[in-house]
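Sequence order for the protein chains is A and B.
With my numbering applied, the first sequence covers 1 to 186.
With my numbering applied, the second sequence covers 1001 to 1428.
Careful, some of the hints might be misleading.
One-sided excerpt, in silico: chain A residues whose CB lies under 10 Å from chain B [unchecked claim]:
#: 1; residue: 13
#: 2; residue: 37
#: 3; residue: 93
#: 4; residue: 177
Derived list of chain A stretches under chain B, where covered just means 3 residues or more per stretch with a C-beta under 8 Å from a C-beta of chain B [as the list claims (entries may be wrong)]:
#: 5; stretch: 48-61
#: 6; stretch: 70-78
#: 7; stretch: 101-114
#: 8; stretch: 118-126
#: 9; stretch: 153-160
Taking lysine-lysine pairs in the PhoX-like style, the calculated list, with each CA pair at most 20 Å apart, reads [stated by the list, open to error]:
#: 10; chain 1: A; residue 1: 87; chain 2: A; residue 2: 164
#: 11; chain 1: A; residue 1: 76; chain 2: A; residue 2: 151
#: 12; chain 1: B; residue 1: 1081; chain 2: B; residue 2: 1123
#: 13; chain 1: A; residue 1: 126; chain 2: A; residue 2: 164
#: 14; chain 1: A; residue 1: 76; chain 2: B; residue 2: 1186
#: 15; chain 1: B; residue 1: 1327; chain 2: B; residue 2: 1059
#: 16; chain 1: A; residue 1: 76; chain 2: B; residue 2: 1327
#: 17; chain 1: B; residue 1: 1186; chain 2: B; residue 2: 1155
#: 18; chain 1: A; residue 1: 91; chain 2: B; residue 2: 1123
#: 19; chain 1: B; residue 1: 1377; chain 2: B; residue 2: 1327
#: 20; chain 1: B; residue 1: 1327; chain 2: B; residue 2: 1186
#: 21; chain 1: A; residue 1: 91; chain 2: A; residue 2: 76
#: 22; chain 1: A; residue 1: 87; chain 2: B; residue 2: 1327
#: 23; chain 1: A; residue 1: 76; chain 2: B; residue 2: 1318
#: 24; chain 1: B; residue 1: 1155; chain 2: B; residue 2: 1318
It should be emphasised that the hints constitute simulated quantities derived from the structure, not laboratory data.
Owing to the predicted nature of the structure, the values given are computational and were not obtained by experimental measurement.
Glycine included, C-beta positions come from ideal geometry on N, C-alpha and C.
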Amino acid sequence: MRAAIGKEVTNTLRDMELEARMRMQYEVEQFLYNEAALLDDRKFQDWIDLLTDDIHYWMPIRRTMNANQLNEEFTKPGDMAYFDDDKEVLKYRIARLDTGYAWAEQPPSRTRHLITNVRITNFEEKEIDVESNFHLYRSRLDTEEDSWFGKRCDRLRRVGSDLKIARRHIYLDQTVLLSTNLSSLF
Amino acid sequence: MNQATKASARDAGPASSYVDTENGLVDRTIFSDEAIYHRELERIFARAWNFMCHESQVKEAGDFFLTRIGEDQVIVTRDKKGAVNVLLNSCRHRGNTLCRAEQGKARSFMCPYHGWNYGLDGKLVGVPGYEEFYRGGLDRDEWGLGHAAQVDSYKGFIFATMDPDAPGLLEYLGETGRVGLDIAAKDENIEVLPGIQKNRIGCNWKLAVDNLFDWYHPTISHASSDRSDFFPLQDTLYQMNQMVMLGDYGHAIAGPFVKPEGEDAASDVENTYGTQPIMPHPNIFPNLWIALNGTQLSLRLPRGPFETEIWWFTLVQKDLPAEERRKTQLFATHFFGPGGLLEQDDGENWAHSTRATKGIANRRYPLHYAMGKGKDKVVDSPLGHKRVETVVNEHGQLWTYKAWAEWMDADSWDELKQNHTPAPTGRI
Ligand code: FES
Ligand SMILES: [Fe+2]
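Could you build all of it, start to finish, from the sequences and the hints given here?
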């Protein structure tokens, strides 16, 4: 059974001219790369500005399940999650860092977001659905290391001439997180 | 006491020699010594009643949930007769792991190696080549799965012990353990929300456990939460007005009384604590923290002296309106767990406390658990429970280590029953 993530490319998209698709692909990729650079450069306020006011930032819990129960691999909306944030909570996450007392990030970690396999899966007037794979590497203090791999399903929304993130659903590959915490943003 | 020479002069010895209850000092060796860790597995985890899961997680016949008792992985199952079984997840033939999914539904557990097949109650029900290869040389009845010596539940919370001599669960919990669980059990009409958060912290399990009694750390460890206004700790909790309950076998509860501004965050515990709102943190010895006023359970599973797996279970009332249910779930997600705005900052502290216990020189300096020692006395609560009413203190932590040493030095449950320190009265 198919997990409830990931989508096939829709017809609207298939009917588009190759050049228009390439232009959109380029714009979306550049957007995601710039966004990743903001996170890695610790420009968190600028990052917050890339989010729509109604953003849903969500990382469900993944479970090791037998093949016949793979539809239960991820927790569903409303179940427990690692992140289940609106913009207000994300702002608290950032505000925390500015207090100087957010010990999980004091001294701040060094992160590197590698964003790959960018696929536009749907496109409507103002919204673009994008799937991408990520490797988020965190190096912390002297020897701490974390490597989070997974997939993000984003909904980008055109606001004026800009793109903004209206939805980010993050699907990690680990079931038991081999990390002290999740103090990084994905 | 000459702190600098104490630990270095001794290589081993009874556990009680590592916990100086007179002076409130704990030798750092107990957080990193391999031999002590193995003794803990044997004398604490294989002996105690360990929390398994909530009954709502194994509701129907065939439901299973994987967890651990010490380093032994166990499958909690509901069998066709409706009984709950706690089975060692290891085939009796070559020891292979039977069940690899962390939860789910099964009719039986077939070993992926040679196909021995076990029922939900652990009985060996199928053996490939039983006639042709074994030719009468294998008695299936003798080769069922290893299992817990006793399984029982208290108000829906399932516990198991590997020790047949352990007292019954009710006796084990005693008043403090029961009062601790009661805030989570509420009216017993509760269930676990799908999704157990699991993560690993590079700390000794005891340092995670002792933190749950620690109402000294929030204003510093969680200052970012306070100062960013996410959760105004200072406006919510009294530091100068705290409660501690100490129970037999190491169970304990510690928590602040809650200011009128923070009553939303307080426990609905008129029935268990009296009338003044409180935020109690019980620990069911050894490793079950009842958190967030009974909305969450945090289980601290040892994975070696330097590694602990933290599991978060979230409880909701079954008949809660969807909106309230959502509120509970979001609060738990934002507060605790590896991504929680408060919990994020805890793990590294425990990991670094653990790290320092490996140092030879550091081991010469015991840790200080003496806050409030000798300054308080046990009184009766409005409901007649024995408790201490005081300021921020370390009674819960020191009590835990005192009990730890008693568990470690007892050769059997009989000895532990006889020799453990009963819940204190009078001055502590
Ligand atoms: S190890 Fe399980 S059948 Fe052989
Ligand atoms: Fe904490």
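Checked hints:
1. 13: Since the shortest Cβ distance to chain B is 33 Å, the answer is violated.
2. 37: violated (23 Å)
3. 93: It holds, given that the least Cβ distance between residue 93 of chain A and chain B is near 7 Å, below 10 Å.
4. 177: holds (4 Å)
5. 48-61: holds (count 3)
6. 70-78: holds (count 4)
7. 101-114: holds (count 4)
8. 118-126: Per the Cβ count (0), the hint is violated.
9. 153-160: It is violated: at least three residues are needed, and the stretch 153-160 of chain A offers just 0 whose Cβ sits closer than 8 Å to chain B.
10. A:87 x A:164: This hinted pair holds, its Cα atoms lying about 13 Å apart.
11. A:76 x A:151: holds (16 Å)
12. B:1081 x B:1123: Since the Cα atoms of residue 1081 of chain B and residue 1123 of chain B sit roughly 13 Å apart, the hinted pair holds (cutoff 20 Å).
13. A:126 x A:164: holds (11 Å)
14. A:76 x B:1186: violated (26 Å)
15. B:1327 x B:1059: violated (25 Å)
16. A:76 x B:1327: With a Cα-Cα distance of about 16 Å, the restraint between residue 76 of chain A and residue 1327 of chain B holds, given a limit of 20 Å.
17. B:1186 x B:1155: holds (9 Å)
18. A:91 x B:1123: violated (54 Å)
19. B:1377 x B:1327: Measuring from Cα to Cα gives roughly 39 Å; hence the hint is violated.
20. B:1327 x B:1186: With a Cα-Cα distance of about 18 Å, the restraint between residue 1327 of chain B and residue 1186 of chain B holds, given a limit of 20 Å.
21. A:91 x A:76: violated (24 Å)
22. A:87 x B:1327: holds (16 Å)
23. A:76 x B:1318: Within the cut-off at roughly 17 Å; holds.
24. B:1155 x B:1318: holds (14 Å)
In terms of the numbered hints stated before, the structure departs from hints 1, 2, 8, 9, 14, 15, 18, 19 and 21, listed from lowest to highest.
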